[in-house]
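Visitor: One letter stands for each residue in the lines below.
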Amino acid sequence: MKSRCVFYLIAIIAFSLTLGTLYNSPIVFMGAIGGLAILALSLKGYPPDDINLEISRESEEVDLYEGRTMWVKIDVVNKGDHLKFLEIKDDLPDRVEVSEGSNHQIIELEKGETKTIKYEIKCPLRGRAEIGPIDVRYIDPLFFYTRSWTAENMLELNILPGIEKIKSVKIRPNYTRNWLGNIQSSNIGIGTEFFSLREYLPGDDIRRINWKATARNLNPITNEYEGERSGDVIIVVDAMKEGNIGTRRDNTMRSSIRAAASLASSILDDRNRVGVIVLGDFLNWVYPGTGREQFYKIMKYLSKSEKGGTWKPSDAKWILKRFFPSRSMIIFISPLIHKDITSTIEDICMREFDVMVISPNPLYIEKKINEDYEPIAERVFNMERENLISELWKYSVVIDWNPYEPLEAALDEVKRYLRRAGI
Amino acid sequence: MNVENLIASMATIIIAISAGLVPTIQSLWFLPLVGGIISVVGLNFEKPDMMDGGILLSIFSFLYIQRNIEPLLINLILALLIFFLLFTILVINRRAIVTSRIKKETVGDRWGEFQKDFELESIISISYTMVSALLVASLGALIALYSPIGLDLTPGQATMIILGLAGAFFLITYLILDIIPKLSEKA
Numbered sequence: 057m058k059s060r061c062v063f064y065l066i067a068i069i070a071f072s073l074t075l076g077t078l079y080n081s082p083i084v085f086m087g088a089i090g091g092l093a094i095l096a097l098s099l100k101g102y103p104p105d106d107i108n109l110e111i112s113r114e115s116e117e118v119d120l121y122e123g124r125t126m127w128v129k130i131d132v133v134n135k136g137d138h139l140k141f142l143e144i145k146d147d148l149p150d151r152v153e154v155s156e157g158s159n160h161q162i163i164e165l166e167k168g169e170t171k172t173i174k175y176e177i178k179c180p181l182r183g184r185a186e187i188g189p190i191d192v193r194y195i196d197p198l199f200f201y202t203r204s205w206t207a208e209n210m211l212e213l214n215i216l217p218g219i220e221k222i223k224s225v226k227i228r229p230n231y232t233r234n235w236l237g238n239i240q241s242s243n244i245g246i247g248t249e250f251f252s253l254r255e256y257l258p259g260d261d262i263r264r265i266n267w268k269a270t271a272r273n274l275n276p277i278t279n280e281y282e283g284e285r286s287g288d289v290i291i292v293v294d295a296m297k298e299g300n301i302g303t304r305r306d307n308t309m310r311s312s313i314r315a316a317a318s319l320a321s322s323i324l325d326d327r328n329r330v331g332v333i334v335l336g337d338f339l340n341w342v343y344p345g346t347g348r349e350q351f352y353k354i355m356k357y358l359s360k361s362e363k364g365g366t367w368k369p370s371d372a373k374w375i376l377k378r379f380f381p382s383r384s385m386i387i388f389i390s391p392l393i394h395k396d397i398t399s400t401i402e403d404i405c406m407r408e409f410d411v412m413v414i415s416p417n418p419l420y421i422e423k424k425i426n427e428d429y430e431p432i433a434e435r436v437f438n439m440e441r442e443n444l445i446s447e448l449w450k451y452s453v454v455i456d457w458n459p460y461e462p463l464e465a466a467l468d469e470v471k472r473y474l475r476r477a478g479i
Numbered sequence: 006m007n008v009e010n011l012i013a014s015m016a017t018i019i020i021a022i023s024a025g026l027v028p029t030i031q032s033l034w035f036l037p038l039v040g041g042i043i044s045v046v047g048l049n050f051e052k053p054d055m056m057d058g059g060i061l062l063s064i065f066s067f068l069y070i071q072r073n074i075e076p077l078l079i080n081l082i083l084a085l086l087i088f089f090l091l092f093t094i095l096v097i098n099r100r101a102i103v104t105s106r107i108k109k110e111t112v113g114d115r116w117g118e119f120q121k122d123f124e125l126e127s128i129i130s131i132s133y134t135m136v137s138a139l140l141v142a143s144l145g146a147l148i149a150l151y152s153p154i155g156l157d158l159t160p161g162q163a164t165m166i167i168l169g170l171a172g173a174f175f176l177i178t179y180l181i182l183d184i185i186p187k188l189s190e191k192a
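Sequence order for the protein chains is A and B.
Each residue of the first sequence is one higher than the last, beginning at 57 in the numbering used here.
Each residue of the second sequence is one higher than the last, beginning at 6 in the numbering used here.
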């Protein structure tokens, strides 16, 4: 493909010939002569016939946590003729931004030479992103001739929601099941905490014999331990459109998803089963499960979740009743904007679910975005919110959380309050 | 404005002024300067079309205002020199726009790994091509200009001969330039 410069030259030559002939001026012909000379010599930069490039990426699919950085590497091998200048541009989606270097570079490649282009990206938004295709363009030194093509090498990024490590506060369901876990069950079973003593029975492990008690009784006595079990926790995230306050990068849904991911990680670490429902755009959920595989399943599900208006809070009741085990612990993460929230939580509690509400306070997000707000409006909003929260406290534990502060601190505060109140 | 653009703008204005004054001062000497100013505005606002239009205006107006000067050897060489300088500045400014776009997309202090090489290499290549083209054009112009001397020809016939000779000369020059590097590569 010829660039505009070639057409400019042709225009100059035509103009010069016309004007020179009209005025019979040898000087004007210099334009045509000069133009022809440049055109003739520029042909040296015409794209070579044998352009054979092998373009590859270091990886094709990567999981990355929100806000983290990674290096993108592209190897370009020239198996054809020498390429004076090669412009390479890796297409980036709007979820991804360059944090070091550039995704757009011009390189020179000798025959058989390999060059690696690398740049660092940052992913501030969770979700799925595709990097690529790679636009390649040969350009000659005078920018006269170009040849473009596209390399369909894609890099798929699963940008997982960021996680806050919750170490000091343990969230434990009140009702435990028969699977092994970390929760003291107040029953005899497999565990590490001493529970009671009993007479030795044939078949008991010899390591469980309490030798001091045996010496005192002159009969073999065995230790019994408190069984450690696990429970089911279901995290319900309110991702409804009307409750989503903030910008694309900083909003209540982002805070809710981060909280859900952090809680899921912490609860799974305690060997409990965790399931997730997002009340957003799609009718989908993750059934309770345990282990690392479940963690990645939840993270991928959360990373793909989008806000929407298809679901209502009351739909959560139906899903929980139909598809999830009863007497599970429900952690409802919601900014508490939707009018049906109170009745929904009340209904869930009545179905023998143990409910905890974590509410990222939208006012903090709003205040950060918009400094010019009405103090009266803030007071009214706070009053309404306080009323709603006190109403919810009748049925569940409610954590009013400032999304710019660690979730662990908010959980710890409520846990301490519950301990003091003896609840 | 970065240093590169400042230098390119100054060079454009100086060459545009020269185009109105060299080889001889003409009544419409300011026309190439107007083109130069338009081009500088286009360069600094990263508008390639405006930049190209300005330089083309300078070239066309230069050819037009210098149309009546005497066909002396010095005038021919100076006219060719100005023409090449104007066209070289067009190519260099286009390159400057491309590099500044890439620089804008680059994050961090480190200007792209290979871009320093590109900046240097492209300047060398442009200079080499333009100087070679100027030499070829000068030789071609001399041959073309003096070839019809002594012949009793009409202006139209003379033009045809001039073009024919110049064309043949360029073809030979190009073939030589094309074949010599290939032979040296094989050797």
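In short, the hints are calculated from the structure, not lab data.
The reader is advised that the hints may include incorrect statements.
Stated by the list, open to error - In silico lysine to aspartate or glutamate, EDC-like type, Cα no more than 16 angstroms apart, as pairs:
| no. | chain 1 | residue 1 | chain 2 | residue 2 |
| --- | --- | --- | --- | --- |
| 1 | B | K109 | A | E164 |
| 2 | B | K108 | A | E464 |
| 3 | A | K140 | B | E110 |
| 4 | A | K226 | A | D396 |
| 5 | A | K178 | A | E212 |
| 6 | B | K121 | A | E143 |
| 7 | A | K368 | A | D396 |
| 8 | B | K109 | A | E153 |
| 9 | A | K140 | B | E124 |
| 10 | A | K178 | A | D119 |
| 11 | A | K174 | A | D131 |
| 12 | A | K171 | B | D122 |
| 13 | A | K174 | B | D57 |
| 14 | A | K360 | A | E212 |
| 15 | B | K108 | A | D119 |
| 16 | A | K145 | B | E110 |
| 17 | B | K121 | A | E164 |
| 18 | A | K178 | B | E110 |
Visitor: Evaluate each hint against the coordinates.
Guide: Against the structure, the hints:
1. With a C-alpha separation of about 21 angstroms, the suggested pairing of K109 of chain B with E164 of chain A is violated against the 16 angstroms cut-off.
2. Between the alpha carbons of K108 of chain B and E464 of chain A the distance comes to roughly 43 angstroms, so the proposed pair goes past 16 angstroms and is violated.
3. About 22 angstroms separates the Cα atoms of K140 of chain A and E110 of chain B, which puts this hinted pair outside 16 angstroms; it is violated.
4. Using a Cα cut-off of 16 angstroms, the hinted pair K226 of chain A and D396 of chain A is violated, with the two alpha carbons roughly 29 angstroms apart.
5. For a cut-off of 16 angstroms, the pair hint linking K178 of chain A to E212 of chain A stands: about 14 angstroms separates their Cα positions.
6. Proposed proximity of K121 of chain B and E143 of chain A is supported: the alpha carbons are some 14 angstroms apart, at most 16 angstroms.
7. For the hint linking K368 of chain A to D396 of chain A, the alpha-carbon distance of about 8 angstroms falls within 16 angstroms, and the restraint holds.
8. Between K109 of chain B and E153 of chain A the CA atoms are separated by roughly 13 angstroms; this keeps the pair inside 16 angstroms, and the hint holds.
9. With a C-alpha separation of about 12 angstroms, the suggested pairing of K140 of chain A with E124 of chain B holds against the 16 angstroms cut-off.
10. For the hint pairing K178 of chain A with D119 of chain A, the CA-to-CA distance comes to about 13 angstroms; that is within 16 angstroms, so the pair holds.
11. Straight-line distance between C-alpha atoms of K174 of chain A and D131 of chain A comes to about 9 angstroms, which keeps the hinted pair within the 16 angstroms bound.
12. Between the alpha carbons of K171 of chain A and D122 of chain B the distance comes to roughly 13 angstroms, so the proposed pair stays at or under 16 angstroms and holds.
13. About 33 angstroms separates the Cα atoms of K174 of chain A and D57 of chain B, which puts this hinted pair outside 16 angstroms; it is violated.
14. With a C-alpha separation of about 13 angstroms, the suggested pair K360 of chain A and E212 of chain A falls inside the 16 angstroms cut-off, and the hint holds.
15. For the proposed pair K108 of chain B and D119 of chain A, the alpha carbon gap of about 29 angstroms is over 16 angstroms, so the pair is violated.
16. For the hint pairing K145 of chain A with E110 of chain B, the CA-to-CA distance comes to about 11 angstroms; that is within 16 angstroms, so the pair holds.
17. Under the criterion of a C-alpha separation no larger than 16 angstroms, the hint pairing K121 of chain B with E164 of chain A is consistent with the structure, at around 11 angstroms.
18. The suggested pairing of K178 of chain A with E110 of chain B holds, with an alpha-carbon distance near 14 angstroms, which does not exceed 16 angstroms.
Violated hints for the displayed structure, listed by number in ascending order: 1, 2, 3, 4, 13, 15.
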